[in-house]
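Asker: One line per chain: the protein sequences are A and B, in this order.
Residues in the first sequence are numbered consecutively from 1, following this note's numbering.
Residues in the second sequence are numbered consecutively from 1, following this note's numbering.
Simulated from the structure, these hints should not be mistaken for lab results.
Warning: the hint list may mix true and false statements.
Dumping the calculated PhoX-like pairs for lysine-lysine here, alpha-carbon to alpha-carbon at most 25 Å [claimed, not checked]:
id: 1; chain 1: B; residue 1: K69; chain 2: B; residue 2: K56
id: 2; chain 1: B; residue 1: K118; chain 2: A; residue 2: K38
id: 3; chain 1: B; residue 1: K77; chain 2: A; residue 2: K91
id: 4; chain 1: B; residue 1: K69; chain 2: A; residue 2: K91
Given the structure is predicted, the values throughout are model-derived calculations rather than measurements.
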Amino acid sequence: MAKKGDWVRLSAVILAPGQRAPQVPEDTALVPLVQWVKGWLEEDAGIGQPARVRTRTGRLMEGILVEETPAFSHSFGSFIPELLTVQQGIKEALWRREGRP
Amino acid sequence: MSSADYSAVMARRNAIMKSAVGLDYSRFESGGIGFDYEGLMASTGLSMQDVLAVMKDFNVGNTPLLELKNITALARKYAPEGRGARILVKDEACNPSGSFKARRAALSVHIAKKLGYKGVITATSGNYGAAVASCCAKAGLRCIVVQECYDSTGTGQPEIIEKARKCEALGAEVIQLSVGPELFYVFLRLLEETGYFNASLYTPYAIQGVESLGWELARQCEAQFGRQPDAVIATNAGGGNLTGTARGMMKAGCRAPLIAASVDLSGLHMASDGQFNRKSFTTGHTGFGMPFTTWPDRSDVPRSAARPLRYLDRYVTITQGEVFYMTEMLAVLEGMERGPAGNTSLATAFSIAREMPGDALLIVQETEYTGAGKHQNAQLDFARKQGIEIRIGNPKDQVPGRSIILPEHPGQVEAKDLDLSRLRRSLLGRALDGAAEMPGEADLDFLARETNADPAFVKTSIQQILEDRHETTR
Numbered sequence: 001m002a003k004k005g006d007w008v009r010l011s012a013v014i015l016a017p018g019q020r021a022p023q024v025p026e027d028t029a030l031v032p033l034v035q036w037v038k039g040w041l042e043e044d045a046g047i048g049q050p051a052r053v054r055t056r057t058g059r060l061m062e063g064i065l066v067e068e069t070p071a072f073s074h075s076f077g078s079f080i081p082e083l084l085t086v087q088q089g090i091k092e093a094l095w096r097r098e099g100r101p
Numbered sequence: 001m002s003s004a005d006y007s008a009v010m011a012r013r014n015a016i017m018k019s020a021v022g023l024d025y026s027r028f029e030s031g032g033i034g035f036d037y038e039g040l041m042a043s044t045g046l047s048m049q050d051v052l053a054v055m056k057d058f059n060v061g062n063t064p065l066l067e068l069k070n071i072t073a074l075a076r077k078y079a080p081e082g083r084g085a086r087i088l089v090k091d092e093a094c095n096p097s098g099s100f101k102a103r104r105a106a107l108s109v110h111i112a113k114k115l116g117y118k119g120v121i122t123a124t125s126g127n128y129g130a131a132v133a134s135c136c137a138k139a140g141l142r143c144i145v146v147q148e149c150y151d152s153t154g155t156g157q158p159e160i161i162e163k164a165r166k167c168e169a170l171g172a173e174v175i176q177l178s179v180g181p182e183l184f185y186v187f188l189r190l191l192e193e194t195g196y197f198n199a200s201l202y203t204p205y206a207i208q209g210v211e212s213l214g215w216e217l218a219r220q221c222e223a224q225f226g227r228q229p230d231a232v233i234a235t236n237a238g239g240g241n242l243t244g245t246a247r248g249m250m251k252a253g254c255r256a257p258l259i260a261a262s263v264d265l266s267g268l269h270m271a272s273d274g275q276f277n278r279k280s281f282t283t284g285h286t287g288f289g290m291p292f293t294t295w296p297d298r299s300d301v302p303r304s305a306a307r308p309l310r311y312l313d314r315y316v317t318i319t320q321g322e323v324f325y326m327t328e329m330l331a332v333l334e335g336m337e338r339g340p341a342g343n344t345s346l347a348t349a350f351s352i353a354r355e356m357p358g359d360a361l362l363i364v365q366e367t368e369y370t371g372a373g374k375h376q377n378a379q380l381d382f383a384r385k386q387g388i389e390i391r392i393g394n395p396k397d398q399v400p401g402r403s404i405i406l407p408e409h410p411g412q413v414e415a416k417d418l419d420l421s422r423l424r425r426s427l428l429g430r431a432l433d434g435a436a437e438m439p440g441e442a443d444l445d446f447l448a449r450e451t452n453a454d455p456a457f458v459k460t461s462i463q464q465i466l467e468d469r470h471e472t473t474r
């Protein structure tokens, strides 16, 4: 259970599948337009429950609580052997031809 | 209270934009096809010196112009005897927010503050969000960045997630959305709700900010190499980078040809939920480059100040694999980790330099910061997990959305020319809209400038378009 004042992330459906813009491709028309925001929780709420937050710019926004104390976890990814091969090849293409190691 | 219904909000778009950019576009309209483009650009009332002063105030600009001697040396090994221009790069990653977009943001945020707005909103999944956040932080204004970030399974493009992180790190509020052009609807509602300034990428302020880049590179080239460059390459998406750079170069008296470069993402639909995460480049690609070049007024303001077809002398594409490859080359031969998306023009330069004489100067006019999520390793790992085939081979065999092919050797980095006449005719077709008659002289003159083509070409092309239409409706 997240407490009032906790930093959380909400999601909300902005447009349901039937309300999508007429020009969207078929696959997009079949899914809702979803929005995610972060803010300080206005009242206690649990994951999956409706909640309200006050955002960084001081606006009140509503949605479903999806994450408490949200953090970033993006990275440099797993090992890509092709990049190592490419690096070596580039160095060799310049330096080996010039007689350097 | 006005209706929040999708079509009701979209119908109010011009009124919302008018109050959100502090500019009445209607006074530049002619009532016909054309409008007073130069009048729109001059409406900022700012001289180049004023623009440079604003840049200085935000610690933006004055980035170094660096010579890439090792990359040049390697290009010459794959060029005919005596060919291989000296490749120079404007290291725009040195801007506070890590890209040239800082120039676009600085002038917009400066104007927002001057006009008394309490905050600024921008709709972007790219480096521009961080640029606006950075300038707002310095100006003490509130900032909201709206991003298209996730597909319907909740999978986010790592590069866009990194940009969200950076915006938040700079104090901005980030609103993330799933795939779809209705981002514009959310954006309009936010503008209405907050009364903030729309830091559109396409206002005269944004483009005039980029003019400082063209101005600087011309002046620096003169100072460091004693003469003007022989060609300049700019990555093209929405057209602002190219337009601003060209105008700035002209104001500095530089007439070097300007080459536009985009990453080839042909065949992928930009608004498709299923294809959203099958591309590794979130900007600088043909998915924006083509539509915005052939119809600039599709942007978020009534008339776009970014009109690339007026300024480009040549337009080429390059593949994702070639750009990743050149990003590695920049790291291991020049000791600079940048990009990858910002290296689209660098990859192009490696190809075009080999056509040019050895004493020519070729300027790549940007770099961008790199990091977790953005880095080519992160991008390729993500692509592989989306089922994209990653291999070393001939990059010409790539199929956007299915494969990414890293070249086997530097000689395989080769830009592909687009047919400018076709792009010009496409713009003319759009400009004519449903018209059945030849436009008047004023509009023909406008279209000749708009397409950077001679009036005879414009007239003949329009005649052809009208005849074709007549044929199909008969």
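Asker: Hints numbered earlier in the text: which of these fail when held up against the supplied structure?
Answerer: Per hint list: single violation, 1.
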